[in-house]
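Chains as they are written, first to last, in my numbering: chain A, 882 to 1184; chain B, 6 to 538; chain C, 143 to 483.
Hints listed in this document are in silico derivations from the structure and should not be mistaken for laboratory results. Just so it is clear, CB atoms sit at the ideal spot from N, CA and C, and this is done for glycine as well.
Just the calculated beta-carbon pair ranges, DEER-fashion: (1) TRP337/C with LYS515/B: 28 to 36 angstroms; (2) ILE323/C with ASN281/B: 35 to 43 angstroms; (3) ASN281/B with LYS299/C: 13 to 21 angstroms; (4) ALA208/C with GLY381/B: 28 to 36 angstroms; (5) LYS515/B with LYS299/C: 19 to 27 angstroms; (6) GLN423/B with ARG1070/A: 46 to 54 angstroms; (7) LYS299/C with GLN202/B: 36 to 44 angstroms; (8) LEU211/C with SER105/B: 54 to 62 angstroms; (9) ILE323/C with GLY381/B: 33 to 41 angstroms; (10) THR58/B with PRO959/A: 38 to 46 angstroms; (11) GLN202/B with TYR146/C: 40 to 48 angstroms.
Partial pick of chain A residues on the chain C-facing surface, computed with a CB cut under 7 angstroms: (12) ASP1021; (13) VAL1022; (14) PHE1026; (15) ALA1034; (16) ALA1037; (17) PHE1121; (18) ILE1137; (19) TRP1148; (20) VAL1151; (21) GLY1155; (22) ILE1158; (23) PHE1159; (24) VAL1162; (25) ASN1166.
Each computed DMTMM-like pair below joins lysine to aspartate or glutamate, with the alpha-carbon atoms no more than 25 angstroms apart: (26) LYS538/B with GLU225/B; (27) LYS217/B with GLU334/C; (28) LYS120/B with GLU137/B; (29) LYS299/C with ASP279/B.
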Amino acid sequence: MSSTAKAASPAPGPRALPAAARRAEGLRLLLRNPLAAVGGVTVLLLALLALFAPVLAPAPGDAFSAVHPAQQLLPPGPGHPFGTDELGRDLFTRVLYGARISLAAGAVAIAAALAIGVPLGAVAGYAGGFWDELIMRFTDVVLSFPSLLLATAIAAMLGHSLTNAVAAIALSWWPWYTRIVRAQVVSLRERPFVEAARALGVPGWRIVFEHLVPNALAPVIVQASLDFGSVILTLAALSFLGIGAQPPQPEWGLLINTGRNFFLTNWWYVTFPGLAIFLTVAAFNLLGDGLREILDPRTRGRV
Amino acid sequence: MRRAWRIAAALLAGAVLLAGCGSGGSGSAGGGSEAQGGQGAQGSNVAVYAVTTEPMIFWDPSDGFSNEIIAMNNMYETLLRYDPSTNSFIKVLATDYKSSPDALTWTFTLRKGVKFHTGKTMTSADVKASFERTIQHGKGAAYILDPIQSIDTPDDSTVVFHLKYPAPMDLIVSSPYAAYVFDTDVLKKNGDDWFNQHHEAGTGPYMLKSWKENDALVLEKFPDYWGGWKTNQFDTVIIKPVEETSTKMQMLQAGQADVVDQLPYEQLQALQNDPNVEIVKTNSWQNLLAFFNTKKKPLDDVRVRQALSYAFPYQSVIDDVMHGMATQARGPVPAGLWGHDDNLFQYQEDLEKAKQLLDQAGVKPGLKLTLTYTSGDENERRVAELWKAELAKLGITLDIQAMPWDPQWQLAKATDPQKRQDILMMYWWPDYANPYSFLFNMFHSEQTVNFNLAYYSNPDFDKLIDDANRISATDRSQAEAKYAQAQEILVRDAPAVFIYDQSYVRPIRKSFGGYVDNPAYPNVVFFYNTYRK
Amino acid sequence: MAAYIARRLLLGLVVIWGLTVVTFAIARVAPGDPAARWVGPHATAEQIAQARVELGLDKPLYVQYARYLGQLLHGDLGVSIRTHQPVAADIRTFLPASLELTVAGMALAVILGIPLGVAAAARSGRWLDHLTRLTSIGGVSMPTFWLAMILQLVFFKQLHLLPLSGRIDTMTPLLHPVQPITGSFLLDGLLEGNWPVFKDALAHLILPAVTLAAYPLGLIVRMLRSSMIETLGEDYVRAARAAGFKERVVVYRYALKNAIAPTLTVMALTFAYSLTGTFLIESVFDWPGLGNYAAEAVITNDYPAIMGVTIVVAVMYVALNLLVDVVQALLDPRIRTGVAS
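For reference, chain A alone in the conformation it holds in the complex (with noise of 0.2 angstroms):
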């Protein structure tokens, strides 16, 4: 989350100016939009779940190595809202710490793609002619696939872990970013001030990575906070199909995939991960509706 804040701000350059305060004028219309105004709400307040969750949960070592076989399968009630797994552990604690897995996960995957789509489309651009073509087609191959297929495969030959799942993320998505700053970039090319650049003989690579990416970069950040939910929902997909998190990890598509041997006769196992998954992926969607809706002037004025 923390990189993802720092690359928001904006950037020194001709654009710093207007971008504040359109900035302060999203907040006003994001504020005006009902279900975007739940959605980031909703967003915040899984944020400090998450980071206070060791202060909320009534059982904090059952998010790790503590198990309570005695009270195996209880349903929920007082002392455990959600319930206990087949270990006994609070299921509360284990969906409360899922969040932190969820969202730390999701932001390093969207990390990582930033970190290789970003340069790729920065280079394209830029560069033109042949590396243009050449990473511009390898990017049709990849985006070529359904992500999720791409994900699946890549995680499954990978080995099981949730490290590389959120590798596989991050190599099935970095696509979208390198069009995008590709596109960016290329308008941006011939502008004076790169221009000017040039003239005063700074080399290819600073004017690439110090002038063109940090004015590429806004549009990019929106779409990366947009795919936040996509990529939540991704994660615990491979998690529910064995390939992501590894147990005792709390992770909620995990979760799922072990509840689904007691789901007829214990409901509550998959019923809340389920829950906590749906709940966080929506609030993200509906926030980046409304981002989207405040972002593209063709929309706005239409909810």
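Starting from the structure of chain A, add chains B and C where the hints point.
For chains B and C alone, kept in the frame of chain A given last:
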């Protein structure tokens, strides 16, 4: 385009209505499917066996070494069948046999008038050809036939096996793998790959009717079966892969399945109250072990391995994970198999003792160990998590890693022992009723690592079990004494935690009669012995 | 026009070739020894070595790739390590069930999605619109595998209305034999007038289809709503309104016809996407389809199966993409002359 939508919409709406009527009309309390199933499996003489994974992995009776044995043992037969409950042999294709005193020559007299599904009558030539083909293929479990030097057929109903070294040939020809007798003539006509094109040519009571991958294997009775037929036996047997445990349970309750290979405890508990379901529990020969990497510090120290053996929550695993569907293992040879020693030392959980041993070995809290288990195995996962909790009390962190079997095995075979895991969990079960299978494969010194995943090497132990195996065909009690001695050494050296011997727990319909679970034939239902009550 | 199609076709081929490189590369970085897996759990070292030769794993990588590509061109996707059947045969076995499910799910999504999207756009900003948008966001935010279990809990466990899982009861095709014509119990039952089979198959299809429909439904509603809003603001629509046409006619006859194009693209792509979506729900419903097969392959590192499924689904995805592009080029000349891009 719009017209197309309208038609599609109409179709779908109609369809939904129909479905509503269907289940509403026939469904009593249990819903539509249940009512229909009730008329099906119950009324007819069809038996349905719901198994967790696709049974037909291999089709060739020479190569089969996997799930297909549950079908193969109904389509094909072996010379003898071993009954561990009485430690005796049931005569199947052989009516009699004898061995020379040195156990190097074994003579089998064949049953007369046995027909293959192809119509041909079985003779000693077919038996010889079957075994020779399996040996020549060298796939699957063919290595169990390694002792065979040559096969003679003095007449149509006599087969003589000449062995390279003494071996319990009666047990070997009873093996659920690699010991089937089949009609090899059809292969001459149709090519050696004919079986793999989903054909069979056995003598068994049931023959192949149809098969659809991941859907169902349908067998029907072979009218000319040598044993003859009674009216209440099953005409049709369906073996159906059903992965989802909830579905299996529902099929059993609805009478759509007569027998289910396994269900988790939670579902078994729910089934206990069902008046139509019975639960059959038998000792199996499958056990679970956790191997220590004896080539890596600090597990190279026997005191550390013993400490970790004392820090294992045996009772909790039996009670809370297996819910009594297993018993704590006593050494590597499971209870119920000859060679098992009831007086062998057994570790009990004792954290104080574990702590002392660790102190003696100079192991400080903060030790980190990695454990691998096979992904998807819920029992292994829960066992690992319970152990992790106990080890945490000693200041040891256990990192649990689920891996598919082949990467798990590859890691275990890494050239550098330091790169391998610290602890590996794995099941073992024998290829035929032989304790040597456990002791040799898992603990005999190995040049290149195969299944000795503790990398244990002890010449005394090796000698004891090799000797025991050599005399097992002639002097079973002497062999058992040597095996017991070997296991004492093993348990003291603690290259592995001997966790539990698993029980087979099969939920069956009460109306499914004649079912006996034989642990020598894992998961096999001999449908010829079963009938509709 | 022909040049445009040829160019798109060529690009499609390049993409598919790229796919083979990517899948091959992924499979070869994978840890684990496929040969060991191939021979099964209790194999000897010699058996593994023999299998390695049999599978061609002892050859250099480029040889393996060339061999792989050659086999692909002959429709040979290798042999599954888990099922020991040719992957192509496996896919032929499992694809029809998945197609049946996907078609049913998409049909449901389209039938519900179009009126909802249109209605939301026509009443933009009002409660119906908000409700529809919430539903559509719900659809795309729902973990499908979870929705599957919740539906089973409600409709099987609580209401006893629908079967839990499977494609048909084990007994139904035995009591009422069907000739396999299409491979779909539903269609075969319908074509042969075998009503018990048809009804049973349909009852089994409902929950998986509804589950699968959730995501495409959300997308279709979202896409259609925004493009309808745009179209409804166009001059000719206003003109039609001004001319006194009924609102229904304006919305459905004029606006929808033009707003549907982008939604059509989404629908085509979602179709292929839903085929991947079956990975997550077929195992929950024990649906004997490609998704179930893929999920099993993924867990057991059955790399020929993973590669095979990946390639087949990706090729379908590329082909559908191509088809949509060509159709749109036929409909809208701006695209093929490059104005729109």
